[in-house]
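**Student:** Let's have the full structure, built from the sequences with the hints guiding it.
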Amino acid sequence: MDLWSVLEERIKQHGVRVDERLELLEGLKADHETGGDLVTERKKSLAHRVEDAAARLKEKLRV
Amino acid sequence: MKPTAITVSRFRGWKDEHRFALDASITSIIADNGRGKSSLLNAIEWCLYGAVVTKKDSGIDERQDWELRTRTEKGDAKPTCVELELDIAEGLVKIRRERAAAAKAREADPLTVEDPNGDVLFGEAAESWLIEAGIPDWETYRRAHCFHQEAARQRVVSTNERSAILAALLGLDDDLALRDTIESNQPSKLFAGIDKTLDALNDEAHRVLDLPRQRLGELERQAAEIGLESSQLSESNAKSIRSQLVARARDLADRLSLTTDLPDENDTVAVRTWASKWPATARSESPALASLDGHRRQASQLDLHIAKYEEEDGAWQETRSKLQQERQTGGDEAQRDAAVTTAETNLSGATNALQQNNATVKLLVDAKSAIKAASRSDECPVCETSVPGLEERLETTIERLRSDEFQALQAAEGDTRTALESAESARDALQKLVRDEATARGRVEEQRNKLREVLDIDESTAVHDVLAEAKKRREKVGTEITKLEGLASDRDQSIQDHQTNWGRLDLIEKWLSASEKAESSIDLSALHEWSEFNESLDELAGFGADLAFLGGLARDVQAERSTARAAEVNKALGKYYSLITQDDTAVLVNVHTTPQGISYDLVDASELPAVPVLNQAAINALSLAVLFAQSEAQASVNSWELVALDDPVQSLDSEKQKGLSQAIEELADSCSVLVATVPGQLSERIQDYVSKQRHIVTLGPWSQSDGASIESEVDQ
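Protein chains in written order, with our numbering: chain A, 89 to 151; chain B, 296 to 1011.
Hints are computed from structural coordinates only; laboratory data are not their basis.
Computed from a predicted structure; not experimentally measured.
Certain hints may be false.
[As the list claims (entries may be wrong)] Think about it this way: if two alpha-carbon atoms lie no more than 25 Å apart in a straight line, the pair counts; the simulated BS3-like pairs of lysine-lysine are:
{"hint": "1", "chain 1": "B", "residue 1": "484", "chain 2": "A", "residue 2": "146"}
{"hint": "2", "chain 1": "B", "residue 1": "350", "chain 2": "B", "residue 2": "572"}
{"hint": "3", "chain 1": "B", "residue 1": "491", "chain 2": "A", "residue 2": "132"}
{"hint": "4", "chain 1": "A", "residue 1": "148", "chain 2": "B", "residue 2": "805"}
{"hint": "5", "chain 1": "B", "residue 1": "766", "chain 2": "B", "residue 2": "745"}
{"hint": "6", "chain 1": "A", "residue 1": "146", "chain 2": "B", "residue 2": "771"}
{"hint": "7", "chain 1": "B", "residue 1": "805", "chain 2": "A", "residue 2": "146"}
{"hint": "8", "chain 1": "B", "residue 1": "771", "chain 2": "B", "residue 2": "603"}
{"hint": "9", "chain 1": "A", "residue 1": "117", "chain 2": "B", "residue 2": "399"}
{"hint": "10", "chain 1": "B", "residue 1": "778", "chain 2": "B", "residue 2": "812"}
{"hint": "11", "chain 1": "B", "residue 1": "484", "chain 2": "A", "residue 2": "132"}
{"hint": "12", "chain 1": "B", "residue 1": "771", "chain 2": "B", "residue 2": "870"}
{"hint": "13", "chain 1": "B", "residue 1": "369", "chain 2": "B", "residue 2": "389"}
{"hint": "14", "chain 1": "B", "residue 1": "350", "chain 2": "A", "residue 2": "117"}
{"hint": "15", "chain 1": "B", "residue 1": "491", "chain 2": "A", "residue 2": "148"}
{"hint": "16", "chain 1": "B", "residue 1": "767", "chain 2": "B", "residue 2": "603"}
{"hint": "17", "chain 1": "B", "residue 1": "534", "chain 2": "B", "residue 2": "572"}
{"hint": "18", "chain 1": "B", "residue 1": "484", "chain 2": "A", "residue 2": "117"}
{"hint": "19", "chain 1": "B", "residue 1": "812", "chain 2": "A", "residue 2": "148"}
{"hint": "20", "chain 1": "B", "residue 1": "399", "chain 2": "B", "residue 2": "351"}
{"hint": "21", "chain 1": "B", "residue 1": "373", "chain 2": "B", "residue 2": "350"}
{"hint": "22", "chain 1": "A", "residue 1": "146", "chain 2": "B", "residue 2": "812"}
{"hint": "23", "chain 1": "B", "residue 1": "953", "chain 2": "B", "residue 2": "987"}
[As the list claims (entries may be wrong)] Sample of chain B residues with no beta-carbon within 10 Å of chain A, all distances over it, derived:
{"hint": "24", "residue": "645"}
{"hint": "25", "residue": "747"}
{"hint": "26", "residue": "928"}
[Stated by the list, open to error] Not everything, but these chain B residues come out facing chain A in the computed CB check (under 8 Å):
{"hint": "27", "residue": "476"}
{"hint": "28", "residue": "480"}
{"hint": "29", "residue": "485"}
{"hint": "30", "residue": "488"}
{"hint": "31", "residue": "492"}
{"hint": "32", "residue": "499"}
{"hint": "33", "residue": "500"}
{"hint": "34", "residue": "569"}
{"hint": "35", "residue": "627"}
{"hint": "36", "residue": "729"}
{"hint": "37", "residue": "827"}
{"hint": "38", "residue": "831"}
{"hint": "39", "residue": "842"}
{"hint": "40", "residue": "844"}
Here a beta-carbon is modelled for each residue, glycine too, at the ideal position from N, C-alpha and C.
**Tutor:** Listed below in structure tokens is the structure:
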């Protein structure tokens, strides 16, 4: 059994945020196999979203 | 699960159909290079895994230009075919893969599996059967049976490279790469960045919530500094100050004759706008004060000319006084001229008397000389009259005239000369005083004319009138200046009062605004932006937590798998490595786990570093030892029971080839071994020294017409 399958099994066994973690594992696998950066982009996207939301909230507080 | 035979047709070097028995413990394929040894081993791979073992997809560099089908005559419609016969617990299974002669490049090569019951499975069902039966996948098979050839070509220098090649030999290099992928995506840096954002946001929230109160306190301190009590920080006081500001400005504007628009005192915005600009307006735009500088310049000019006039006039009065006094004491100009004339006459008389005395002496001297020449000392040489003692008398007279008389006449002449000089000096002094008085008078006249110019009056005005007029004018200008300076002072005071009151008003208004802000509470939870921020943060936190979880999981799993694989291999690795290398060192794979990652190395039984130099021969020996150890372990659990070795003697010297034959013999106790090798020490030792059942196949020369061929087959 390859490592991906083992990780998949472990995620399922752990039983917490299974869908999200399997999806993330799938993304990492795709990046690993293709040299892509889906996960990195997703990470950046979420970080930007937080930054933007923080900036908007900050602006609101200033007003 | 033991392969017992393979049949090939039109597969790479093999053109016509050939069947090879694999049921012996050791099957040795002996042939020089280019006779089809590797093709036979490749046939097993293709039969089990299909097109993935060819070309670039195989993961083996040298298969880049692989040709699957044997080049045959045009019109040959027979397919490429490989059939593998497997002995499993239930009986014989035939696995067959074909490729049609006219198949296109991307066309799949159909697989069939005939089970012990004679039932035939096709396509996906056949593929599923392979998986369920426990046939290793291509990646596993490739690593086990092909990697020793690839590893033997590598040069290993660094510790990391040693670790990497061991990981690859153990089939754990993907675990390493995956771990790297997961680690490289760990959220620590991301969270550090987000922490900064949260800190900044927290600071802002803190500022928003606390600043108004801090601001209020600060404003109250500032108010105290300018004498404003807390009770004065009120709207009513602000209104009162606004009213005062406008009223005083109106009064000042009237006094300064300023035409300006003043704001409505109830319009707070207009008052704020106007109040900050009013001091500049009041200072620069007053017609009433515009003449102040002109008056000051005029006063300064008058002061200068009056002072100059008075100075010159004083000098003139002094000179004139001296002149009058000189005339009174020493006589006027006519008297002094007469005195000079008299002195000149006296001097002339004294001079004549002196000259006459000198002429007389000369005459007497001549007479005395004549008497002496005539030797008649008592007779006058002129009238020849006899004068007794004439010569003596002449001598006495000459003596007297030359001494006493001459001195008296000379003294008289000196006195008269001194008297003349004194008279001339007195006359010259008076003349100088006259000239000085005239010059001083001229200067006074000049200053008077300048005063006239300044006062703009004509020349008919009397001298004293010009000065008096100037002083009168100066007094008038001075009065005007005093009046204007009073107005300017009042203006400055008014502006100063305005600025003081404006400062107070500004402070009160800021305090009122800050007070209003401080009293209004912010309900963050009601803000849409707050909800959005929390949602995005939750999602990011979940994502980050998942990444961190996966990172931990990957670390744990990699460690477990590494340890398990090493334990599996280490059961027999030392044995096979010692056999192949003919070295007593029983090497073991050591897994070293740290928070930074996992590394692999070779140690001896005492866990001290072993095989310090990993040259090509050592790598080949090690890779074969790992393969044998893994195969032995897998065969023990009834898994795949065939080890295919394609030309395994690469880089191995004679001693190690001997050791390899012993290792193959040892491995044959656990599973079948298929060895393809060139004629040489290994093939000879398998043929002559190994005690296990052997099937020896010698391949003949490859020909264009027939392809690969079997020269001989012997069972021993």
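**Student:** Indicate, hint by hint, whether the structure satisfies it.
**Tutor:** Hint check results:
no., hint, verdict
1, B/484 with A/146, "holds (23 Å)"
2, B/350 with B/572, "violated (87 Å)"
3, B/491 with A/132, "holds (15 Å)"
4, A/148 with B/805, "holds (22 Å)"
5, B/766 with B/745, "holds (14 Å)"
6, A/146 with B/771, "violated (70 Å)"
7, B/805 with A/146, "holds (23 Å)"
8, B/771 with B/603, "holds (20 Å)"
9, A/117 with B/399, "violated (31 Å)"
10, B/778 with B/812, "violated (50 Å)"
11, B/484 with A/132, "holds (11 Å)"
12, B/771 with B/870, "violated (131 Å)"
13, B/369 with B/389, "violated (30 Å)"
14, B/350 with A/117, "holds (24 Å)"
15, B/491 with A/148, "holds (19 Å)"
16, B/767 with B/603, "holds (16 Å)"
17, B/534 with B/572, "holds (19 Å)"
18, B/484 with A/117, "holds (21 Å)"
19, B/812 with A/148, "holds (15 Å)"
20, B/399 with B/351, "holds (17 Å)"
21, B/373 with B/350, "holds (23 Å)"
22, A/146 with B/812, "holds (17 Å)"
23, B/953 with B/987, "holds (15 Å)"
24, 645, "holds (121 Å)"
25, 747, "holds (75 Å)"
26, 928, "holds (16 Å)"
27, 476, "holds (4 Å)"
28, 480, "holds (5 Å)"
29, 485, "holds (6 Å)"
30, 488, "holds (7 Å)"
31, 492, "holds (5 Å)"
32, 499, "holds (5 Å)"
33, 500, "holds (6 Å)"
34, 569, "violated (28 Å)"
35, 627, "violated (103 Å)"
36, 729, "violated (95 Å)"
37, 827, "holds (5 Å)"
38, 831, "holds (4 Å)"
39, 842, "holds (7 Å)"
40, 844, "holds (7 Å)"
Violated hints, listed in ascending order, are 2, 6, 9, 10, 12, 13, 34, 35 and 36; each of the other numbered hints is respected by the structure.
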